[in-house]
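**Q** Single-letter residue listing:
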Amino acid sequence: MKTDAVRGHLDGLLLAVLEPGPLHGYAIIAAVQQRSDGALQLRTGTIYPALNRLERLGLLGSSWESVGERRRRCYRLTDAGRGSLESERTAWHEFTTAIGSVLNPAAGAPAPRPAS
Amino acid sequence: MNAHAADHAADHAMDPVADHVAALSAALHGPVRAKSRMIQEIRDGLTDTVEAHTRDGVPPDEAARLAVREFGTPEQLVPSCQRELTIAQARRTALSVTLTVPFLIACWHLIWTAGQGWQLQQTAQLVAVQLAAVAAVATLLMAAALAATGALARRLPTPERLPLAVAWAGTTAGVAMVVATLALAVLSPLATNWPLVTLAAMVTALSHGVVASSARACRRCARLPVAHGAGRG
Numbered sequence: 001m002k003t004d005a006v007r008g009h010l011d012g013l014l015l016a017v018l019e020p021g022p023l024h025g026y027a028i029i030a031a032v033q034q035r036s037d038g039a040l041q042l043r044t045g046t047i048y049p050a051l052n053r054l055e056r057l058g059l060l061g062s063s064w065e066s067v068g069e070r071r072r073r074c075y076r077l078t079d080a081g082r083g084s085l086e087s088e089r090t091a092w093h094e095f096t097t098a099i100g101s102v103l104n105p106a107a108g109a110p111a112p113r114p115a116s
Numbered sequence: 001m002n003a004h005a006a007d008h009a010a011d012h013a014m015d016p017v018a019d020h021v022a023a024l025s026a027a028l029h030g031p032v033r034a035k036s037r038m039i040q041e042i043r044d045g046l047t048d049t050v051e052a053h054t055r056d057g058v059p060p061d062e063a064a065r066l067a068v069r070e071f072g073t074p075e076q077l078v079p080s081c082q083r084e085l086t087i088a089q090a091r092r093t094a095l096s097v098t099l100t101v102p103f104l105i106a107c108w109h110l111i112w113t114a115g116q117g118w119q120l121q122q123t124a125q126l127v128a129v130q131l132a133a134v135a136a137v138a139t140l141l142m143a144a145a146l147a148a149t150g151a152l153a154r155r156l157p158t159p160e161r162l163p164l165a166v167a168w169a170g171t172t173a174g175v176a177m178v179v180a181t182l183a184l185a186v187l188s189p190l191a192t193n194w195p196l197v198t199l200a201a202m203v204t205a206l207s208h209g210v211v212a213s214s215a216r217a218c219r220r221c222a223r224l225p226v227a228h229g230a231g232r233g
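Those protein sequences? They're chains A and B, same order as listed. With this note's numbering, letter number 86 in the first sequence gets 86, and the count goes up by one each step, no holes. With this note's numbering, letter number 173 in the second sequence gets 173, and the count goes up by one each step, no holes.
Think of the hints as simulated: they come from the structure by calculation, not from any bench. Bear in mind that the values here come from a model prediction, so they are computed numbers and not experimental data. Don't take every hint at face value.
As a list, the in silico SDA-like pairs of lysine to any residue whose alpha-carbon atoms are at most 20 Å apart [to be verified]:
id	chain 1	residue 1	chain 2	residue 2
1	B	Lys35	A	Cys74
2	B	Lys35	A	Thr78
3	B	Lys35	B	Arg220
4	B	Lys35	A	Val102
5	B	Lys35	A	Leu40
6	B	Lys35	A	Arg56
7	B	Lys35	A	Arg71
8	B	Lys35	A	Gly61
9	B	Lys35	B	Asp56
10	B	Lys35	B	Val17
11	B	Lys35	B	Leu206
12	B	Lys35	B	Gly150
13	B	Lys35	B	Ala227
14	B	Lys35	A	Ser62
15	B	Lys35	A	Asp37
16	B	Lys35	B	Ala18
17	B	Lys35	B	Ser213
18	B	Lys35	B	Pro79
19	B	Lys35	A	Glu65
20	B	Lys35	B	His109
The following block holds chain A by itself, in its conformation from the complex (with noise of 0.2 Å):
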């Protein structure tokens, strides 16, 4: 999928994956490929900026830890957080529910009487 279509749900993913426990830069990229398996190709460089953001906005919190042999800067979500991804589902849910009911109208539904 296009590094273009991935960008508006960016902040989406990045709460998602941060969901089940704090992660560093790389290994969130990591995550996001390997829950997508491969069809989600982000800019990896995009994501530092959103990650500071989404701290400024208090939906992320982050700390210095070690990780390996190396020091690295490790996210989590907090509760603001863990609400605004609620949110973001629903949105989808809704969005893709509604989308879907035009592309795939149910076999049940009675079609649309063409123009006279």
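Based on these hints, arrange chain B on the given structure of chain A.
**A** Chain B alone, transformed into the frame defined by chain A:
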């Protein structure tokens, strides 16, 4: 150039990650700590990507080139990184004003009420009141800017020109502090409580140094191109 420096330069020239990080670092401007943290995270991310490619069997040189290509060019990344650094600089300026100005107004008020043995001329009183009013208005604007770029930005979009407004409000507060410092310096020999007035002048001058330098950096950041509509906040 000595041999060691030449070797170092040659190593650097062959390291796409170091070149990429250096290019980003040169292009970005903002508070030292915020920029340093962002650059460190970017360097860590690139290093992790190189390691991941190397583990997959890609030769190290090719892994570094691949990591940089996946990361995005400086032209693609600088606007969104700079937006965060510009907002960080605006918040820093806003914080410096909201922390210093109420304290200074309290100091000036203390001098005013403690100076019972001397009276300011009517013109000087008028200037002092107007200075305090300018500083108070700037402080309110800064407090609003802090809210607008913090938790409030989850619901409301941050105005694109807010950092510029903060920069000029900070500059105005800085000018007010210069005028106040000069006024206090002129008044101190005339005041019965001159040590207190001199101390207040020094504190005001110090505050001016902090606020004016932050406002100057904010003006510079606010002139740089940034990404628009990158998401909430």
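**Q** Now tell me, hint by hint, if it's right for this structure.
**A** Evaluation of the provided hints:
1. Restraint check for B:Lys35 and A:Cys74: satisfied, since their Cα atoms lie roughly 17 Å apart, inside the 20 Å limit.
2. The hinted pair formed by B:Lys35 and A:Thr78 fails the criterion: a straight-line CA distance of about 23 Å is larger than 20 Å.
3. Straight-line distance between C-alpha atoms of B:Lys35 and B:Arg220 comes to about 15 Å, which keeps the hinted pair within the 20 Å bound.
4. In summary, the hint linking B:Lys35 to A:Val102 is not supported, as the alpha carbons are separated by about 47 Å, beyond the 20 Å threshold.
5. The hinted pair formed by B:Lys35 and A:Leu40 fails the criterion: a straight-line CA distance of about 28 Å is larger than 20 Å.
6. Of the supplied pair hints, the one linking B:Lys35 and A:Arg56 holds, its CA atoms being roughly 14 Å apart against a limit of 20 Å.
7. Between B:Lys35 and A:Arg71 the CA atoms are separated by roughly 17 Å; this keeps the pair inside 20 Å, and the hint holds.
8. Our distance criterion of 20 Å between C-alpha atoms is met by B:Lys35 and A:Gly61, whose separation comes to about 18 Å.
9. Under the criterion of a C-alpha separation no larger than 20 Å, the hint pairing B:Lys35 with B:Asp56 is inconsistent with the structure, at around 32 Å.
10. Restraint check for B:Lys35 and B:Val17: the C-alpha separation of about 17 Å stays at or below 20 Å, so the hint holds.
11. Proposed proximity of B:Lys35 and B:Leu206 is contradicted: the alpha carbons are some 25 Å apart, above 20 Å.
12. Only pairs whose Cα atoms come within 20 Å are accepted, and B:Lys35 paired with B:Gly150 is accepted, the gap being roughly 18 Å.
13. With a C-alpha separation of about 17 Å, the suggested pair B:Lys35 and B:Ala227 falls inside the 20 Å cut-off, and the hint holds.
14. The straight-line distance between the Cα atoms of B:Lys35 and A:Ser62 is roughly 16 Å, inside the 20 Å bound, and the hint therefore holds.
15. Distance restraint check for B:Lys35 and A:Asp37: the Cα-Cα separation of roughly 33 Å exceeds the 20 Å cut-off, and the hinted pair is therefore not satisfied.
16. With a C-alpha separation of about 16 Å, the suggested pair B:Lys35 and B:Ala18 falls inside the 20 Å cut-off, and the hint holds.
17. A threshold of 20 Å between alpha carbons decides the hint, and for B:Lys35 with B:Ser213 the separation of about 17 Å falls inside it, so the pair holds.
18. Of the supplied pair hints, the one linking B:Lys35 and B:Pro79 holds, its CA atoms being roughly 14 Å apart against a limit of 20 Å.
19. Only pairs whose Cα atoms come within 20 Å are accepted, and B:Lys35 paired with A:Glu65 is accepted, the gap being roughly 19 Å.
20. With a C-alpha separation of about 38 Å, the suggested pairing of B:Lys35 with B:His109 is violated against the 20 Å cut-off.
In summary, the structure is inconsistent with hints 2, 4, 5, 9, 11, 15, 20 from the numbered list given earlier, while agreeing with the others.
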